[in-house]
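Trainee: From first to last, the protein sequence lines are chains A, B and C. Offset between the first sequence (1-based) and the working numbering: plus 5. Offset between the second sequence (1-based) and the working numbering: plus 1. Offset between the third sequence (1-based) and the working numbering: plus 447.
Hint data in this document are derived by calculation from the structure and do not stem from the laboratory. Hints are not guaranteed to be accurate.
[To be verified] Straight line, CA to CA, 27 Å or less: simulated DSSO-like cross-link-like pairs of lysine-lysine:
(1) C:K486 with B:K58
(2) C:K751 with B:K58
(3) A:K250 with B:K58
(4) A:K250 with C:K587
(5) C:K685 with C:K587
(6) C:K685 with C:K486
Okay, here's what each chain looks like letter by letter:
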Amino acid sequence: MTVILGQTFTGISIGAVLLLIALGLSLTFGQMNVINMAHGEFIMAGAYTTYVLQKSISGAGISLLVALPVAFIVSGALGALLEWLLIRRLYLRPLDTLLVTWGVSLMLQQLARDIFGAPNVQTRAPDWLTGNVTLIGGADPLTVANSRLFILGLAVAAVVALTLTLRLTPLGRRIRAVVQNRDLAEVSGISTARVDRTAFFLGSGLAGIAGVALTLVGPIGPTMGTNVIIDAFLVIVVGGIGQLKGTVIVAFVLGVLQSVLEYSTTLSVAKVLVLVAIVAFLQWRPQGLYTLRTRSLV
Amino acid sequence: MSEPAGLEIHQLRVSFDGFTAVDGVDLDVRPGDLRFLIGPNGAGKTTLVDAVTGLVKAEGSVRFGGAELLGRSVHRIARSGIGRTFQTATVFEELTVLQNLDIAAGAGRSVWTMLRRRNDVPEPVARALETIGLTKLAGSPAGTLAHGQKQWLEIGMLLVQDVRLLLLDEPVAGMSHDERQATGELLERISAERTVVVIEHDMDFMRSFARSVSVLHAGRLLSEGTVAEVQADPKVQEVYLGHAAAETVTGVAVQEA
Amino acid sequence: MTLLHGRARTWAGFAGAAVLLFALAPLALTDFRLGLLAKYLCTAMVAVGICLAWGRGGLLTLGQGLFFGLGGYAMAMHLKIADAGPGNLPDFMQLYGTATELPWWWRPFANPAFALAATVLLPMAVAALLGSFIFRRRVKGAYFAILSQALAAAFAIWLIGQQATTGGTNGLTDIQGFFGYDLDDPVNQRTVYFVIAAALLLLIALARQLIHSRYGELLVAVRDSEERVRFLGYDPAKVKLVAYVVAAGMAGLAGALFVPAVGIISPAMIGIVPSIEFVIGAAVGGRASLVGAVLGAIGVAWAKTALSEEFPAAWTYFQGLLFIVALAFLPGGLASLGGVLRRRRDRQRKAAVVAVGEAA
Chain A
6 MTVILGQTFT
16 GISIGAVLLL
26 IALGLSLTFG
36 QMNVINMAHG
46 EFIMAGAYTT
56 YVLQKSISGA
66 GISLLVALPV
76 AFIVSGALGA
86 LLEWLLIRRL
96 YLRPLDTLLV
106 TWGVSLMLQQ
116 LARDIFGAPN
126 VQTRAPDWLT
136 GNVTLIGGAD
146 PLTVANSRLF
156 ILGLAVAAVV
166 ALTLTLRLTP
176 LGRRIRAVVQ
186 NRDLAEVSGI
196 STARVDRTAF
206 FLGSGLAGIA
216 GVALTLVGPI
226 GPTMGTNVII
236 DAFLVIVVGG
246 IGQLKGTVIV
256 AFVLGVLQSV
266 LEYSTTLSVA
276 KVLVLVAIVA
286 FLQWRPQGLY
296 TLRTRSLV
Chain B
2 MSEPAGLEIH
12 QLRVSFDGFT
22 AVDGVDLDVR
32 PGDLRFLIGP
42 NGAGKTTLVD
52 AVTGLVKAEG
62 SVRFGGAELL
72 GRSVHRIARS
82 GIGRTFQTAT
92 VFEELTVLQN
102 LDIAAGAGRS
112 VWTMLRRRND
122 VPEPVARALE
132 TIGLTKLAGS
142 PAGTLAHGQK
152 QWLEIGMLLV
162 QDVRLLLLDE
172 PVAGMSHDER
182 QATGELLERI
192 SAERTVVVIE
202 HDMDFMRSFA
212 RSVSVLHAGR
222 LLSEGTVAEV
232 QADPKVQEVY
242 LGHAAAETVT
252 GVAVQEA
Chain C
448 MTLLHGRART
458 WAGFAGAAVL
468 LFALAPLALT
478 DFRLGLLAKY
488 LCTAMVAVGI
498 CLAWGRGGLL
508 TLGQGLFFGL
518 GGYAMAMHLK
528 IADAGPGNLP
538 DFMQLYGTAT
548 ELPWWWRPFA
558 NPAFALAATV
568 LLPMAVAALL
578 GSFIFRRRVK
588 GAYFAILSQA
598 LAAAFAIWLI
608 GQQATTGGTN
618 GLTDIQGFFG
628 YDLDDPVNQR
638 TVYFVIAAAL
648 LLLIALARQL
658 IHSRYGELLV
668 AVRDSEERVR
678 FLGYDPAKVK
688 LVAYVVAAGM
698 AGLAGALFVP
708 AVGIISPAMI
718 GIVPSIEFVI
728 GAAVGGRASL
738 VGAVLGAIGV
748 AWAKTALSEE
758 FPAAWTYFQG
768 LLFIVALAFL
778 PGGLASLGGV
788 LRRRRDRQRK
798 AAVVAVGEAA
């Protein structure tokens, strides 16, 4: 019983990481239909930001908290810059965007290698995140690492913040207007170019936050983005493009599935099985878990 | 050439997430008819055609030449002899006029034929080129055609498919007066051998060429008959009242396309 | 340009390529360089398939590493069994494994005919299975690209996880013989090069025939407007499936011939990064043009070796930049450069004429 609960919670914490990684994409890919392969490198930028801040600020406890907003801005600025330089020229060519941003991702990885060196680096988790919480005591205890709980909390907070931003703020209204009808938004006096850039800033900033979270569960390295980007895109594809609730549900379901399969087989077999499950799922719902049904099919 | 076949629609219903776009429509188009489908925006005209061609799920019954269509996949419905065009002309822009027609003519080709080059112009393709008046432009990329020519090419593609029923969605939208006239005459020629259903907003065009008319409103069939009968129907006048089209139905020409 | 037309030009092109590959290159290049060229030609074989599937059919096959790997592993498994000799296990299995006999799924590959057929048919079968699922449900565009990339990644991860039976991260290495011939012998290496060059020309001829057939026109039509093709009574899923499966077979053959040319196949050659690199060559050269895609693939692979040995960092920046410039500003690749320049010149000339006209 404890094993099942333990695996489930491991799955939930994998899901929380997946969710943080995919959340920014749900804005850039899901809402704006831009496939940004450099999203992984924005995550990397967030992670290195955390590393640099920890080196310069003594006291890991504070540096991690400082890193959250700084990483958001660093990665967000990178995203806005990318949008301005390249992506805005490519809005009508999604597949070319994919390949172009992959070129950007290559260059950013090399930049990281030149600045920080090829080997992975580590950050030290702050003291208040090193312990465990015992969820079930007794002879067969179930404990959860504080850092995992922190990531879960961070993921929930990010989802809430993004939802509120999209629902309640004027910026959110403008983003939704542009997504739903670009031309109409434009003639209604919305600067679509500015909205695009702001949305890209937000989505890329969320990647920075994900990068901060990743420093708590693994090493920081130039290729860390490549390792997570595919998983993140799969979450969006399965969840349904432009559907935040789909992203949330699918991130956790895939996390738990991965964790349970990993427990009963091996890591590599689990990865393959999850992918098979995804292909099978798309047979059943080719547009993802949640779709907007419209009459314009042509 | 195969015989034209009729279209019998019974209690057709289409809904999207709670909104009912087509609400229990009955429609009987006899073989060889040139039927116009009119109605205000949102009346469900295009959705009805979508349902017949398998693009949207629908309840009820659609029988073509006696066989039920609902539940069949899009390409199977197409193969049973139904062809359609869209509001915006969709031809393969990067292929030539000839290639467009050749592809349309070839749905039943064997694998062996498909894997070889096209060495000559198939006879039905040549005939269609003649009918739609694009013989001289056979070698031009379809993307370079004028708007009206693209619409004719689309109709030509249906002809070489040897469809028995053509469903045309606003074929004269955006055309000049002369192009409209030419298109209307083309449709009259075609409907000598095939059944044609036209969705149209242009009332002048309808009055000149329709053999029969069905009026849809809010997903339901409002009126049906000859042009004169429909124009005289008080229900139709009521629906169009308040629209600019009110006058067009009762006689004054306004082009609303 | 204007001297030769149609068929004559095609034949001249093939003859020129044959002279270049079979006479000039072996004469001009050292054994080492010729070995490298053999490797590049394998990349070009993958690019031929990508040109068909992506350039003509609009299917962004970001996961060709999967099929390259299937072909490569099928070939390498047979060669490893042959190297070990009857009754013995391949070296790495003795090293890592606890098994005393070959795993069941290795056994058929002991048969050379089966292994050879599998190098092409296995990738095609896998592509047919995946494709029929993916295309029937109209998964397309970006979804297809991401899914195919994920499949290549999953295959690489799986291989790494099965160290005892696949060699794990190291892959299948140190391959000595090729159907009885010693691969250390330069003469045999040269023969492998000739086989690869011949295979590449064969694939180009095959792809050319497909592109210029009625099927090729239909494939472009599906790329332009899939929905319209469906209304003409075709099943676009089948049209795309053919291109996908053929491209997979080509990648499989390339992987199979890559093994004797280089002597190794490993997960690092088939994962996400190499899968995208297969696409880069075709994109830079011109995805829709066979000649462009092939030359692009060879050129990028050559540039990678030439630059990455001496300036590894600079190479990565250059590769990224090349990719960005080619795709963002020259989507037709270098093959379209002539046309783009000609159009620009015409426009300038026209503008000049207009200006003169206005002045007068």
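Trainee: Give a verdict on every hint.
Mentor: Each hint, compared with the structure:
1. About 52 Å separates the Cα atoms of K486 of chain C and K58 of chain B, which puts this hinted pair outside 27 Å; it is violated.
2. Proximity of K751 of chain C to K58 of chain B is assessed by CA-CA distance (about 52 Å); at most 27 Å being required, the pair is judged violated.
3. The straight-line distance between the Cα atoms of K250 of chain A and K58 of chain B is roughly 26 Å, inside the 27 Å bound, and the hint therefore holds.
4. Taking the CA atoms of K250 of chain A and K587 of chain C, the gap is near 23 Å; set against the 27 Å cutoff, the hint holds.
5. Note on K685 of chain C and K587 of chain C: the hinted pairing holds, with a Cα-Cα distance of about 13 Å set against a maximum of 27 Å.
6. Proximity of K685 of chain C to K486 of chain C is assessed by CA-CA distance (about 32 Å); at most 27 Å being required, the pair is judged violated.
The earlier numbered hints that this structure contradicts are 1, 2 and 6.
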